[in-house]
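**Student:** Can you build the whole structure from these sequences, using the hints too?
Each chain, written out:
There are 2 protein chains.
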Amino acid sequence: MSDFGWEKNIRKVVPYTPGEQPEDKDIIKLNTNENPYGPSEELIKKIKELDIDNFRKYPNPAASELVEALADFHGVSKDKVFVGVGSDDVLAMSFMTFFFFFKKILFPDITYSFYPVWADMLGIKYELVPLTEDFEVKAEDYNKENGGIVIPNPNAPTAILMSRDDIISILKNSKDSIVIIDEAYIDFAPEGSSVIDLIDEYDNLVVVRTFSKSRSLAGLRVGYAVSNPMLIKYLNNVKYSYNSYTMNYPSIVLGKSVIKDNDYFKGTINKIIKTRESFSKELKELGFKVLPSSANFVFASHPDVDAVKIFDEAKKKGIYFRYFNAPRINEFLRITIGKDDEMKKVTDFLKDLVTEES
Amino acid sequence: MSDFGWEKNIRKVVPYTPGEQPEDKDIIKLNTNENPYGPSEELIKKIKELDIDNFRKYPNPAASELVEALADFHGVSKDKVFVGVGSDDVLAMSFMTFFFFFKKILFPDITYSFYPVWADMLGIKYELVPLTEDFEVKAEDYNKENGGIVIPNPNAPTAILMSRDDIISILKNSKDSIVIIDEAYIDFAPEGSSVIDLIDEYDNLVVVRTFSKSRSLAGLRVGYAVSNPMLIKYLNNVKYSYNSYTMNYPSIVLGKSVIKDNDYFKGTINKIIKTRESFSKELKELGFKVLPSSANFVFASHPDVDAVKIFDEAKKKGIYFRYFNAPRINEFLRITIGKDDEMKKVTDFLKDLVTEES
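Those protein sequences? They're chains A and B, same order as listed.
For the first sequence, counting from 1, position 47 maps to 47 in this note's numbering; every step adds exactly one.
For the second sequence, counting from 1, position 320 maps to 320 in this note's numbering; every step adds exactly one.
Simulated from the structure, these hints should not be mistaken for lab results.
Zero decoy hints are in this set.
Only part of the chain A face toward chain B is listed, based on derived beta-carbon distances under 8 Å:
1) N54
2) F100
3) K175
4) L220
5) P250
In silico lysine-lysine, DSS-like type, Cα no more than 27 Å apart, as pairs:
6) B/K256 - A/K25
7) A/K125 - B/K104
8) B/K25 - A/K45
9) A/K339 - B/K57
10) B/K48 - A/K256
11) A/K48 - B/K48
12) A/K48 - A/K260
13) B/K316 - B/K345
14) A/K315 - B/K57
15) B/K48 - B/K25
16) B/K45 - A/K256
17) A/K172 - B/K8
18) A/K78 - B/K8
19) A/K103 - B/K8
20) B/K57 - A/K317
21) B/K125 - A/K103
22) A/K271 - A/K345
23) B/K125 - A/K8
24) A/K317 - A/K289
25) B/K103 - A/K8
26) B/K57 - A/K344
27) B/K281 - B/K344
28) B/K172 - A/K12
29) A/K172 - B/K12
30) A/K12 - B/K103
31) A/K57 - B/K48
From the three backbone atoms N, C-alpha and C, an ideal C-beta is built for every residue, glycine too.
**Tutor:** Right under this line is the structure:
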């Protein structure tokens, strides 16, 4: 018991645990799904063009330049785009805005581990909907009363993609709830997998994206939502009730510059997809079970070698994976797709370990 | 009535209205209390040194470099410092963390207009404590049951400073509540006005600061809190339950660099204080009532000329002031202290207007 009178009045939460961010440049960092290829030359140019006088002034609170660039990119009007400090900020504000209700929201039992943290902090009730035995999201399982639905597509950490038809069926069956599709990894999925084009047809759809993965800009903290103007307006009202100036000057102008740089962007995505496919094949040859990935990471387990053992041994060699000590997935590792030479070292390391242990 | 089933479930708030951010470089912008002097040469140097590879990676979630530089600057250990996306982010998280209770929190009736917005959004009950007739915060008025207290010192938009003794009496009389002293403008007050040095003595004290005013970095969005390690830990838990990576890479390294640059910083503060004193004198000579300012702005009214009239006429001439249409202060204007040549133009304009109207 604390001696402090104020102690009982304080909000106590169990926070989300982010992946480690070791500073050592020599490690092979495959634990936080960053893009191994840096941003393009265009960004370097824009950094040099930053206007010192704009640091002194408050940024444009609507981050209009960035919002307009995103609206152009997606071919929507600018009142359909909301930006935030990474997709975590966009999702946190979406939870605050859209799930202000007594009914339980639904999300998968195995998914982005921030969802239950936001719900707990904001006092939102939720129900975990189990993935199938094959770790897939089953649309029918969401066909029940709810106060909202959140699904990442592809899901994380499973990397498995859900079909557009399944999402449409969820949207149709929960017309009175907001359905958030978290497309953090969609750029690594086959073209045509996104549901951004459905925002006009389904007024309950909010699609969330990030610059941290495919756009190679985790360090800049930019995320966004695309939805209909009504829902974007509600989101903005909450944002303006929380912090009028969430986006700083560098994130607005540098964020805008990378959107224009689409060829470079497509190039790195294609390289990552190619590496993902060859790496998955090699993992399977080593006896790993690898879930079919549409993301920039794979989720894999080995029948003979303990995941914690692999995780620990890898770390000793300076290779960082992500491990979740959670039901159903505690024998899996999430491995971000790095550059080819990094994945070669990973394969060599795993080959040695599997041979030793088997 | 809306046709949408989800409409009733959405959080509806009346957001804070930030001051206008016109893009035109020719205007005299005295409406958002920015520093007219840009950041130092040191910042320009650091911008050029930004490491492109750090944009691809998630920033350090604890923003350790920045936290350590602030801890050094204030001579406290690093577990006593919390950083956020401007002091608005720090205050919003403080409201979420510390006012999680059924009792009313207290703040002045005339103060930073974001306080009631946060309280309303987060469902926190509050009671406005009237300033005295002279627009001063009276310590005894806070000597009543409460779930927390928030006071900016100097207060805004009045610019009036409260004594350390008064703050100490508030801290002593509300030991079971968290008392937030928002020191956004303290660097423009006489030395020794801050209460940061009291955080060890009073375990219920949280002091909030910003880089947006004296540090000339509104565009970077950096704010911080200094308090005891327990309260900082609770704040961090809420932060990690909301967004693990609120501070982007530029804000961490550039923020750090300006802390080191203390001589430049002191120099611009002294210039602003000097201008504030001469400008206040001239306003008084024009018949204005000017509240005694310890900030980088003045709060003034004229007995013969309507504040809205001054506001509108100034805007036509490209001079932006801030006006609050609120009880007791709707005859006042808040005027940020700009450079001497800007204030000369403002004085000339006001002289003409007052002569015409009187």
